[in-house]
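Asks: If you read the sequences in order, they're chains F and V.
Counting along the first sequence from 1, when you hit position 75 you're at 75 in my numbering, and nothing is skipped either side.
Counting along the second sequence from 1, when you hit position 77 you're at 77 in my numbering, and nothing is skipped either side.
Since the hints were derived computationally from the structure, they do not count as laboratory data.
Treat the hints loosely; a few may be bogus.
Simulated coverage check for chain V against chain F, where a stretch passes if three residues somewhere in it have a Cβ under 8 angstroms from a Cβ of chain F [unchecked claim]:
1. 29-42
2. 111-119
3. 141-148
4. 189-203
5. 275-282
Here are a few chain V residues that sit away from chain F, every Cβ distance over 12 angstroms (derived from the structure) [to be verified]:
6. G13
7. T83
8. D131
9. T162
10. L167
11. P221
12. H227
13. L291
Just so you know, even glycine gets a beta-carbon here, dropped at the ideal spot from N, CA and C.
2 protein chains.
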Amino acid sequence: MTEPVTQVIETGGAHLARGLAKVEARLREIAAAAGEPVAGWAGDTIAAGGKRLRPLLVLLAAGDDSPAAVRAAAAVELVHAATLVHDDVLDSAPLRRGRPTVWSTAGRDAAIVTGDHLFARAFSELVANDDVVQIRSLSRASSSLASGELLQRADAWDTAVTVERYLERCELKTARLFEAACDLGELSAGSGDAPVLGAFGRRVGLAFQILDDVLDVTGPPERTGKHRGADLLDGTVTLPLILAGFEDLDLRAITTPAQAEAVCDRIAASGALERSRERALVYVDEAKRALPEGMPTAQRRAFELVADGVVERYS
Amino acid sequence: MTEPVTQVIETGGAHLARGLAKVEARLREIAAAAGEPVAGWAGDTIAAGGKRLRPLLVLLAAGDDSPAAVRAAAAVELVHAATLVHDDVLDSAPLRRGRPTVWSTAGRDAAIVTGDHLFARAFSELVANDDVVQIRSLSRASSSLASGELLQRADAWDTAVTVERYLERCELKTARLFEAACDLGELSAGSGDAPVLGAFGRRVGLAFQILDDVLDVTGPPERTGKHRGADLLDGTVTLPLILAGFEDLDLRAITTPAQAEAVCDRIAASGALERSRERALVYVDEAKRALPEGMPTAQRRAFELVADGVVERYS
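Using the sequences and the hints given, assemble the complete structure.
Replies: Dropping the structure here:
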């Protein structure tokens, strides 16, 4: 089977492959410009960032690989990377996608400074698009990310967290940046109209986070870069656990990967994974229906493939 | 003797007192809007921020207390506050201006998230001024702050650091945000001309940082909120130590406040404090000379008082 991301690129138009290559080159340039040692840490963080789903959404929404679209895509990815490097400090995470984190190799101070640097650079990059509406969109998403990270910490170890509260966290932590990615792409194309694709991005972001949380329970570790049940050991209560209804479970008593994997097996046996996936599918369906009527066929098909790809756990 | 800040306000025009009150109210609003518990931590960080020298520069450069000037002033102070809360994590600082830090009361995670939040909110605030040039100025200053913090860590414990390298650090850590404060004020007044007051801000920022470093050696603790020689215990090599020429000093061997204070006494006896102050005075003088010819008398006099006030250690 072809990788979902490859399908999207093949379907959506030649500007996607070109644009992603430009974004990659630009991210490398930005990291290198920081000077050593930050350049190395920033570069490692960006390299560990995965499949560039957010830049892909920007380029797809833009419909071109113009300098403005590439800058917007790089800016969104920089905010994402800044968040990752700070999250790794908060989580004391040794690995991300199977690679050592800046926190683990260079320490807490290096990771905090690297994150601050990437974050500041995101705005410097986007500023060149000369569009305050784009900056507003990205700064709102950035505030949301910080609030979402906090909500996660406030709710840690609390197995009585509601589905609504969990979804609010997904909204802040993930969906708002996906929404901004689509808005920024559309805005950078410069039609002058108010962007409409954010509604697609937001829903795909919700589905993405839910399925990411499912993947933490199911593994396999080769794909996630960590053992199953890492969220349980962090005290992060996610939809599969909430729907499994183990309200009496004492998360603090789970202290080893083996214990976490045993709880994962119990969650799987409860049917909560299927029910979580169903919720995600509803958002994927809503996302597709949020695509505007008059959208060109190739673009629509590519957006639909992104939405379907999220379900096939594409990140 | 009247406080320098009071003199500036009395001299510079009624808009300064009004503007600072509006900035204060706006900062409180922004902190509160974060929702608990971040609201409390953000509020504490902002409350610990001192005498609002950066917002004062914005308002002074703007020449009014328009909504745009107040937003710019709040944005600059939010970036400053974000930096402080992250610096306290990096320094494991229990106190700032004699008050417990977020790091010490709520922990590392709370402080990282609070800083990220304040930083994101700075840009959200400034975006409302609808001026990409202002955002560019603030994002550059923010990148510089992160780079400066890093340079400080890279140079830690190294008593062979040069004066040039020390000044580069001051430029990044302090002067660029002072420069941005002046630029933002001028830009928010909207004459359409390129800003010229940044040159004043930059030099005053350099003087401010040098004198801040002198104050770390001289105390008194009631004014700094920490014992003398805190920089020595952190491994931060500053101008007084460089000029004292103690290149054989092993900073890592200084582990108690009493030892640090003894080294402070040796630095003072070497005459390095006077020589540091002289360097600062050169920047203060340059700052005043950077003020443009045609500036109204009251505004000029207020700017000069800011510069002189920095020498009287006004922060």
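Asks: Determine for every hint whether it applies to the structure shown.
Replies: Cross-check of the supplied hints:
1. 29-42: Since three or more residues must qualify, the claim that chain F covers the segment 29-42 of chain V holds, with 4 doing so at under 8 angstroms.
2. 111-119: holds (count 6)
3. 141-148: holds (count 5)
4. 189-203: Our answer is that it is violated, as 0 residues pass the Cβ test (under 8 angstroms) against chain F, missing three.
5. 275-282: violated (count 0)
6. G13: holds, 29 angstroms
7. T83: The assertion about V:T83 is violated, with a minimum of 8 angstroms to chain F.
8. D131: Contrary to the label, V:D131 does not stay out of reach of chain F, its closest Cβ about 7 angstroms off (not over 12 angstroms).
9. T162: holds, 17 angstroms
10. L167: Holds, since 17 angstroms exceeds 12 angstroms.
11. P221: Per Cβ check, V:P221 is outside 12 angstroms of chain F; nearest 26 angstroms; holds.
12. H227: Per Cβ check, V:H227 is outside 12 angstroms of chain F; nearest 22 angstroms; holds.
13. L291: Non-interface label on V:L291 holds, nearest chain F Cβ at 28 angstroms vs cutoff 12 angstroms.
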